[in-house]
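Student: Position 186, counted from 1, in the sequence shown is what this note's numbering calls 215; the numbers after and before it change by one each time, with no gaps.
Check before you lean on any hint, since a few could be wrong.
[What the hints assert, rightly or not] Once the Cα atoms are required to be at most 20 Å apart in a straight line, the calculated EDC-like pairs of lysine to aspartate or glutamate come out as:
1. Lys208 with Asp132
2. Lys136 with Glu189
3. Lys136 with Glu217
4. Lys209 with Asp132
5. Lys136 with Asp125
6. Lys208 with Asp125
7. Lys208 with Glu189
8. Lys136 with Glu52
9. Lys209 with Glu189
10. Lys209 with Asp125
Read the hints as simulated data drawn from the structure, not as lab findings.
Predicted model only: the values in this text are computed from it and were never measured.
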Amino acid sequence: MSTQWTILNPLPEYHWHTSETKELRESLNAEISDHLSARAELDDAYRIANDADVEGVSYAELKSAENLRERRFNLLQAEIALRQKLSGFYSQESRDANARIHDLASKMEETRGEVAKALLQAGYIEPVTGQPVQGAYTQDMINRHPWIVWAHRDVQSVREIAGNRERNPANLDRINEAKKDLGRIRAEMTV
30 MSTQWTILNP LPEYHWHTSE TKELRESLNA EISDHLSARA ELDDAYRIAN DADVEGVSYA
90 ELKSAENLRE RRFNLLQAEI ALRQKLSGFY SQESRDANAR IHDLASKMEE TRGEVAKALL
150 QAGYIEPVTG QPVQGAYTQD MINRHPWIVW AHRDVQSVRE IAGNRERNPA NLDRINEAKK
210 DLGRIRAEMT V
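Using the sequences and the hints, build the whole thing.
Tutor: Below, the structure is given as structure tokens:
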């Protein structure tokens, strides 16, 4: 009487974004390793019982085998729940990134207006038509103004981060570095 068991693989090593998901992963992997050791002990018990005598298996041993099957099912359900939770976590991160892109784009438009207002006050733009004064700033020059360039880079960086997150959730270190760069760029814009 031999029993075939499917192997539960530990969850893969990702760079976890929060300590909560990391702790959840570690506890689940600990449960999986406990299950694997209990399964090995049960396989040994079955092998010994088969070697000695099939009728030598007691009711208690058979009952513990049923409990182990139940426990294995619960572990699989826990792993499925964890993976669904992580999937929701990354889709929420994607929604947050899209909201951030929208905010940054509106801030870029506000910055563009502030630059145009500053140029108007400095006499580089006609007050009535809004067109550049002869020999002054053109629209292209406004677009190349450092404030606009930084705001545009900010938006592009967040778009790139959101795209990378959707393609590869294990890319969180790079995302965190990019977020730090965004903070630095934003700080430079306010100076």
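Student: Taking the hints in turn, state whether each one holds.
Tutor: Quick rundown of the hints versus the structure:
1. Lys208 with Asp132: 15 Å, holds
2. Lys136 with Glu189: Cα-Cα ~18 Å, so holds.
3. Lys136 with Glu217: 15 Å, holds
4. Lys209 with Asp132: 17 Å, holds
5. Lys136 with Asp125: Roughly 16 Å between the alpha carbons, so the hint for Lys136 and Asp125 holds.
6. Lys208 with Asp125: Judged against 20 Å, a Cα distance of about 13 Å means the pair holds.
7. Lys208 with Glu189: 11 Å, holds
8. Lys136 with Glu52: 38 Å, violated
9. Lys209 with Glu189: Answer holds: Lys209 to Glu189 is near 14 Å, not above 20 Å.
10. Lys209 with Asp125: 16 Å, holds
In this structure, the one hint that does not hold is number 8.
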